[in-house]
Amino acid sequence: MNVIEIRNLHKQYGSFSLQDVSFGVKQGFITGLIGPNGSGKSTLIKMIMNIVVPDSGEIAVFGQKMPDCEKEIKQRIAFVPDESYYYEDLTIAEMKRIIAPFYKRWSEDVFQGYLEQFELPANKKIKDLSKGMKMKFSLALALSHETDLLIMDEPTAGLDPVFRRELLDILAGLILDEQKSILFSTHITTDLDRIADYITFLNRGQIVFSEAKDNVLERYVLVKGNKELLDRDTSQLFVGIRETGVGFEGLAANRSEAASQFGAHAVLETPSLEDIMFFTVKGGGIRA
Amino acid sequence: MNILISNASADPIYLQIKNQIKASILNGELTPGQSLPSIRQLAKDLQISVITTKRAYEELEKEGLIDSVVGKGSFVSGANQAFIREQRLRQWEEKLIEVTQESKALGISLAELIAHLRMLYQEEEENR
Amino acid sequence: MLNLIIKDLLVMRKSLLFLLMYIIILPLSFIHLSGGFLPVGLFPVAVMLMNSTSNDLKNKNHVLLSSLPIRRKHIVAAKYLGALFYSLVGVVIAFVTSMVTRLAMPQTEVAWMSVGQAVMLLSLALIFSSLYLPIFYWLSDQGMQTVNIVMTIILFITLSISFQIPVYTGSVLLLLAAILLFLLSYFTAVRIFSRKDF
Chain V
1 MNVIEIRNLH KQYGSFSLQD VSFGVKQGFI TGLIGPNGSG KSTLIKMIMN
51 IVVPDSGEIA VFGQKMPDCE KEIKQRIAFV PDESYYYEDL TIAEMKRIIA
101 PFYKRWSEDV FQGYLEQFEL PANKKIKDLS KGMKMKFSLA LALSHETDLL
151 IMDEPTAGLD PVFRRELLDI LAGLILDEQK SILFSTHITT DLDRIADYIT
201 FLNRGQIVFS EAKDNVLERY VLVKGNKELL DRDTSQLFVG IRETGVGFEG
251 LAANRSEAAS QFGAHAVLET PSLEDIMFFT VKGGGIRA
Chain G
1 MNILISNASA DPIYLQIKNQ IKASILNGEL TPGQSLPSIR QLAKDLQISV
51 ITTKRAYEEL EKEGLIDSVV GKGSFVSGAN QAFIREQRLR QWEEKLIEVT
101 QESKALGISL AELIAHLRML YQEEEENR
Chain D
1 MLNLIIKDLL VMRKSLLFLL MYIIILPLSF IHLSGGFLPV GLFPVAVMLM
51 NSTSNDLKNK NHVLLSSLPI RRKHIVAAKY LGALFYSLVG VVIAFVTSMV
101 TRLAMPQTEV AWMSVGQAVM LLSLALIFSS LYLPIFYWLS DQGMQTVNIV
151 MTIILFITLS ISFQIPVYTG SVLLLLAAIL LFLLSYFTAV RIFSRKDF
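Residue numbers (our numbering), protein chains in the order written: chain V, 1 to 288; chain G, 1 to 128; chain D, 1 to 198.
The hints are simulated quantities; they were obtained by calculation from the structure and are not laboratory data. Quick caveat, the model's predicted, so the values are computed rather than measured. Heads up, a few of these hints could be off.
[To be verified] In silico SDA-like cross-links for lysine to any residue, where the CA-CA straight-line distance does not exceed 20 Å:
1. D:Lys60 to V:Tyr85
2. V:Lys65 to D:Lys60
3. D:Lys196 to V:Pro121
4. V:Lys124 to D:Leu139
5. D:Lys58 to V:Lys71
6. V:Lys71 to D:Ile70
7. V:Lys26 to G:Gln20
8. D:Lys58 to V:Tyr13
9. V:Lys125 to D:Lys7
10. V:Lys71 to D:Pro69
11. D:Lys196 to V:Met95
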């Protein structure tokens, strides 16, 4: 069952556009949305939240249409935005007092628990918080009302590696009950390499793939070999190639084909999501 | 039960998990009927994807080593004592073949090998 | 939706002292004009409305609010209800000012504010808000500068119109027209706001 269903979404923004984007986010799993800067990840997430209005296309969350059922849908969504949009002059406690009343199922105990866990002093002004603390505050607010879907836009961008790991643990804990779903966009793909169940890759406003992460990592292969192995035919196999003075490395989208072509003559490795993103974005012919 | 996965290993993660659980079952560390962690709890502990742990469990189920009951979880297969013994015997034979080959390569005679085995058996007895 | 209005007031509390200066001191300079009750009542409305909208932009309110479980039309409705509230406050301030003036300086020619004048003041405040808010929503991307310039122009237009209108004629008619305009303005603002990207 898809907790988010997106069909044929179009959005034109000056010179940038999202074209015919369709995909689904499965319930009970962690879906990562990856892509380089400017690929449209943030815009896509904002359209799901109706913060940005699409030109055309359909968005359904929990089976209900956006923006018609906006209010009911958002009651069940925990949203962590890419920037802190809170009132800088207010304290954490005051800001909470503004936001909490909007949610029917707010739990003050849970909120206080998170404040303690994240070490956020309630009387500190928002403008005095570091970027990481602001994000933790967003997270505390988002998780303190009962939610079925957590959507995060670049949550790890300003975080130190210590808290990033803690965050992964928190996320894994959230989906233990198999009911909640998580969607998070990031360009720090190392976080997703580990815990993501599904990956949607967005490049220049279009979906490159949207499938189980394990499948992706098995399908693609990183080939490293001698320059001499590259010719017109073999180059066709690759999504992207990087040639240097001492050899080449390339990403192929079909592991079995690459294995049969290069086999024992080259080193074949499982790529990371970052490799996949790099080579796909750069396209063929990257000369070092 | 301990499971340790390595990113440096050539084996995909689901295979590492499967092999380690399988080893624990075969050497008796996990007993028939014993419950295994849920696929989600395991994913959380190892900080990996749920789909990966699910696949490991599915493979184990295919080999008849575990049973999964919807709503209850996964358990070490009880009904397969004979099967487990057979698996272990197979592994034992493989080890013997390895020892034999290695002995020959090192120039150790059969008599020396048997003498050494006898000594090891006795040591085992004394350590009990 | 009540939350939104409370939120606006909460934020306003922070700039209260500053507002009070505008609300009280500026108008006092106008009471001696005949028909002076108009700027006395209108300026506070303009100042409060401007303060409320500039806080929205300063705090990037619209992004925050659109991520919360509220319908966009309610966000706009809260603003309009706020404008209505400020209009009423404006009338009260004008009345209190006229009363205080009369009590403090009995020889003055400033009269008690009449009901007709109150009605007219309310109408003008509503007309001002009706013109201001849709323009605010339309131009908010360009920043407060632009909005303020436009607001000041509207304020002066409203004031100069008001000086042409004889005080008692068509009071009730004017109020009804103002209310109609207010509602029309609301629907326009909702349309504008619903299409915006944040």
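Evaluation of the provided hints:
1. D:Lys60 to V:Tyr85: holds (6 Å)
2. V:Lys65 to D:Lys60: violated (26 Å)
3. D:Lys196 to V:Pro121: Outside the cut-off at roughly 35 Å; violated.
4. V:Lys124 to D:Leu139: Answer violated: Lys124 (chain V) to Leu139 (chain D) is near 34 Å, above 20 Å.
5. D:Lys58 to V:Lys71: violated (25 Å)
6. V:Lys71 to D:Ile70: holds (5 Å)
7. V:Lys26 to G:Gln20: violated (30 Å)
8. D:Lys58 to V:Tyr13: Not satisfied, since the Cα-Cα distance of roughly 24 Å exceeds 20 Å.
9. V:Lys125 to D:Lys7: Within the cut-off at roughly 17 Å; holds.
10. V:Lys71 to D:Pro69: holds (5 Å)
11. D:Lys196 to V:Met95: violated (25 Å)
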